[in-house]
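Taken in order, these protein sequences are the chains called A, B, C and D. Just so we're aligned: the first sequence equals residues 1 to 343 in this note's numbering. Just so we're aligned: the second sequence equals residues 344 to 686 in this note's numbering. Just so we're aligned: the third sequence equals residues 687 to 1029 in this note's numbering. Just so we're aligned: the fourth sequence equals residues 1030 to 1372 in this note's numbering.
Think of the hints as simulated: they come from the structure by calculation, not from any bench. Keep in mind it's a predicted model, so treat the numbers as computed, not measured. Don't take each hint at face value.
Coverage of chain A stretches by chain B, computed from C-beta distances (three or more under 8 Å per stretch; other residues unrestricted) [as the list claims (entries may be wrong)]: (1) 8–15; (2) 204–213; (3) 220–233; (4) 275–289.
All C-beta atoms in this analysis are idealised placements derived from N, C-alpha and C, irrespective of residue type, glycine included.
4 protein chains.
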Amino acid sequence: MAKIKVGVAGYGTIGQRLADGVALQGDMELVGVADVAPTLAVRALYEKGMPYNLYLASEDRKADFEALGIPTCGTMEDLVKKCDVILDSSPGGIGAKNKELYARLGKKAIFQGGEKNSVADVFFHGYANYEKGLDKDYLKLTSCNTTGLIRSVDCLDRAFGIERVAITIIRRVADPGDYHRGLTNALQIDKAPSHQAVDLMTIMPHVEATGILVHTPVTHGHIITVVATGKEKITKEMALEAFKKHPRIRVVSIKDGFMGNASLFKYARDLGNSRGDMYEIALWEDSIVETGDSIMYAINIPQEAVTIPETMDGIRAVMGMQKTSQEATAKTNEYLGIGKWKK
Amino acid sequence: MAKIKVGVAGYGTIGQRLADGVALQGDMELVGVADVAPTLAVRALYEKGMPYNLYLASEDRKADFEALGIPTCGTMEDLVKKCDVILDSSPGGIGAKNKELYARLGKKAIFQGGEKNSVADVFFHGYANYEKGLDKDYLKLTSCNTTGLIRSVDCLDRAFGIERVAITIIRRVADPGDYHRGLTNALQIDKAPSHQAVDLMTIMPHVEATGILVHTPVTHGHIITVVATGKEKITKEMALEAFKKHPRIRVVSIKDGFMGNASLFKYARDLGNSRGDMYEIALWEDSIVETGDSIMYAINIPQEAVTIPETMDGIRAVMGMQKTSQEATAKTNEYLGIGKWKK
Amino acid sequence: MAKIKVGVAGYGTIGQRLADGVALQGDMELVGVADVAPTLAVRALYEKGMPYNLYLASEDRKADFEALGIPTCGTMEDLVKKCDVILDSSPGGIGAKNKELYARLGKKAIFQGGEKNSVADVFFHGYANYEKGLDKDYLKLTSCNTTGLIRSVDCLDRAFGIERVAITIIRRVADPGDYHRGLTNALQIDKAPSHQAVDLMTIMPHVEATGILVHTPVTHGHIITVVATGKEKITKEMALEAFKKHPRIRVVSIKDGFMGNASLFKYARDLGNSRGDMYEIALWEDSIVETGDSIMYAINIPQEAVTIPETMDGIRAVMGMQKTSQEATAKTNEYLGIGKWKK
Amino acid sequence: MAKIKVGVAGYGTIGQRLADGVALQGDMELVGVADVAPTLAVRALYEKGMPYNLYLASEDRKADFEALGIPTCGTMEDLVKKCDVILDSSPGGIGAKNKELYARLGKKAIFQGGEKNSVADVFFHGYANYEKGLDKDYLKLTSCNTTGLIRSVDCLDRAFGIERVAITIIRRVADPGDYHRGLTNALQIDKAPSHQAVDLMTIMPHVEATGILVHTPVTHGHIITVVATGKEKITKEMALEAFKKHPRIRVVSIKDGFMGNASLFKYARDLGNSRGDMYEIALWEDSIVETGDSIMYAINIPQEAVTIPETMDGIRAVMGMQKTSQEATAKTNEYLGIGKWKK
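Here chain A stands alone, though its shape is the one from the complex (with noise of 0.2 Å):
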């Protein structure tokens, strides 16, 4: 069977990631990327040796490219040309105007959480509403927050069946290497409910959700407190017993010396995954208390990268190439090596 043809717009933080989560599937093939500018993701992309073809964003610095002598394969258009579906990781709101070209091609495309949710016929995750993005043309993937918020609270609805969540996201502000945005000594709090809530009840309309965010000075993993209110009581042990099982969620300890967001960058790091990312979330067993008939826990998500798996999972469907979330996820999976680490 063919591979899928698959293109990447926007070679940063992102998009970086999902040429690489692209490169590892199976059955797809990384056409491209394409970039506006010769930033540093593109100065290391062109010093490891161009891996992958380079098209331009936009023609106007085709020189800048050419002075450093970096090597490029055409337009952005040439490269939508030859894709089955483009991953759209342009800055907020480029991803509306690209759509334009999609649109014309006649191709796909899967939108990062800087787009409005009206770019896209569905808002998208992997695990929680698969089967809504089968066969569309345009889906928008939940932020990185809402992702990997989800898993868990998806992980424990389908055990159990949630009711209500009232969640406290402490996020990190920033980005390892962002000079364009920061905080210091302070911490910043958000007008509730929080954007996160309300997106969990768009994803799963079945739950109430609310919540308040704060974001805090620092530039590895969000952390956020989650209040779950099941239809009956789940006690400490059955959410565990339920979290252990989800391939996406790596429950931890802090006595095992998982201390926190860092401990958790550093063992991506030393585990030598590439850019030192982690696609799972972490949960950390240590956490979970019962209040009255509700759990209570807390999950670190690793920004950059937690959105790619989802993201791979969004190619699956929007190309019919599984037809359930559990095929979808278990081939993404197996591709990206993710809990492989599980007994």
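Since chain A is already given, all that's left is putting chains B, C and D on it; use the hints.
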């Protein structure tokens, strides 16, 4: 009526503020403060012209004070003898040792949160269990987070009855000026439940409490999110009305410019408050959301000064100065200027 | 002799401190302050009971002040008319626009470091070039780093003659309470030479200066290391003796507990200084080392308050209140309480 | 020719990277690594499938490894016996104790910067004093800052002759993932001169060095500014040309996007380097300025990996694999892929 004579043992971050707080109480007299070494706090006292009498917590280092020309008035025992009650803000564990001296001289004492509960007859909060502290010899104050948290939960409890709370503490990891502790670009999670939730249950035994604590690399106030479940449904309007009436809760909003803990620190400095301190906790109006029958909200805890008013309340309790929480807290608030800004 | 009438345009971080500084000068009168909106600083002024008269920098937002019950005394033009000199601490660029008003009404003005040099007749420092500012109409103050740096270099220059300095500025990136700028877990380097070195040469044209600036994610004082080359060799003892005599330089040592910029911020708070501010730069005795015939040392710049004394000096210059730097700085120091702590 | 057999004692931040470095040397064989407990680094090794053999640094905790199913190959003594040379990256002070074992078994060893100089025959740097390490039994490597600093000073020294340097070290205070140390919103200054300047003089006795060190709350590379005085004037062009030729110095510029230490960390991750590491120091072209006859510049020190190449050089020295610095560093560079990116 003679003023109550008060001494402060341990002139550090808390001790300095306790001394200032006592000096403002019209019905108390600050006899003096004691410390072991010419720390920066002691040097600042000297540079200010010795507004408070200074005693030697240990005679071993008398020469260090003399070398700097800093005058002292005698030993710790001299100080204790002159006092009716001692506020012990020594480093954790030293207070228990000091208690032997207080007991030998027949003096009452109030310990801060760093000591073990067993050091005292009563684990005390000025609003939630004032009457239990009446005429006792030894009190231990709740820690900064617990003190502020209880203010808000007790406020709702008096108005509507509270059955259960689930909290997420986003803890500032160091005070401004600290070099002996710190965290750099990392969030750190503690084993759940947090001690603050456990402590709340000790003070308010009819409330079930649990929670998760995450340390963050900032030096200004802690932020706590609370999911509180009442005996009946509490709406946002009901909660807000109750919070606005509480003298030690300052209701603020993001749209007015209170963007986080750092805004509150700056605001207190701009108010001209000594040391830029704030006695009130802040509660964000824009953070209040309903979740099922529960109410969720976020508060800011100014860790350096928040326990000062409740400690003044504690002096009133052990000395029997006022018989009820309402009378005692009103006196404390009047002398500290708390609530003046309320209409 | 009639007091000099002074107004402050822009009641932000610097403007608040300028107003406080003027209010302390026995030979000046603070007519009032102007701002465009009810910021947190204005709200704090209101909560304190309006110790200063407030004028509307723009009439457009008068309703916003009225809605909060904050009284105002008129327009910016009303304020300027009543003043002999205006201290303009508006956001960068606004000062140049305001200058039209000052010129039309024939009033003198002193601008802060955010404006372009061309806004003023003289780029001014109270010690290094006071006489150039005498009776001029418009001065621009050096920025916080340059002001503090020049204090130390001018001090050595007067004592020994300085030919050359090479500086490394470790710059705090935001003020406490800032949410509009910040940096998270990153050092950022600027193109060399830093503007502070260039500015120093404008003020002290006989000194060759260059340097490198690195931004750091902290909110307290900048630290600058200086390699200064004299006309002849300057020993550690010679430099230290000169620094100790300077009223606006506070010589401190690590062994006394001054471990860095945060110790100084804490110390100023513990001194009871308004807003926890410090007017003096600190110079670490234990940082001074000799390198060839040059001397190397480190200073701390308390960025929020350091330019206040030199701005008061500026008022004295433009109004011809004192004819020499020595007389003017002595008056400023006396009223601000600078140098009291020196033997 | 038989490969040199190398073991690593202490599988922490440096030990992991030493092991990786040895594994890449075509003329060396990594016999194994030893550690005392199943730390996160050991767990990562296990999760990766045990690419390296693991030995027990202490038999006391064997049960802890067994409980996790982590296979071990024997004791530390077993490891040492099989090796020609041991790289000791144990916590500071342990190396000196381990030396007794190495001596008893007649094995050579190379210690890291945390040990006292007295542990070794020679305090070593691969470029600056390679020949002194030839055929010695025990070397101690310079620390991360000193290693990188010396690369740049030695580079200028070989080209032009250097007489004197004055450095300012802006030190990152913790590594990514560290929870045992940190600093929050504070700069901390050390007593001058910094040990790095003193260490430089030990390695390069003909250079006079001094400097000031300031700790900053970041986890990525240290930044050092250097004022270097040559035997004759060194211009910016002369310095730049020399730096560009050095294999272990990467000349970068702000205008290309290298805005600070975090850009370099990100770039190394994007290069796909294991753990996101970089062996080269970076030197900002836009930081170079002339001051009198001296040259000033800024470098970035990637603290986790910078000493790895010089340690490989050290193995070459003690084993007499190459007779000159030039031959040895060329071999190390070749195997580590250093300088490939240079034209």
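Verification of the supplied hints:
1. 8–15: violated (count 0)
2. 204–213: Since 4 is at least three, the answer is holds.
3. 220–233: holds (count 6)
4. 275–289: That given contact holds, which follows from 5 residues of the stretch 275–289 of chain A lying within Cβ reach (below 8 Å) of chain B.
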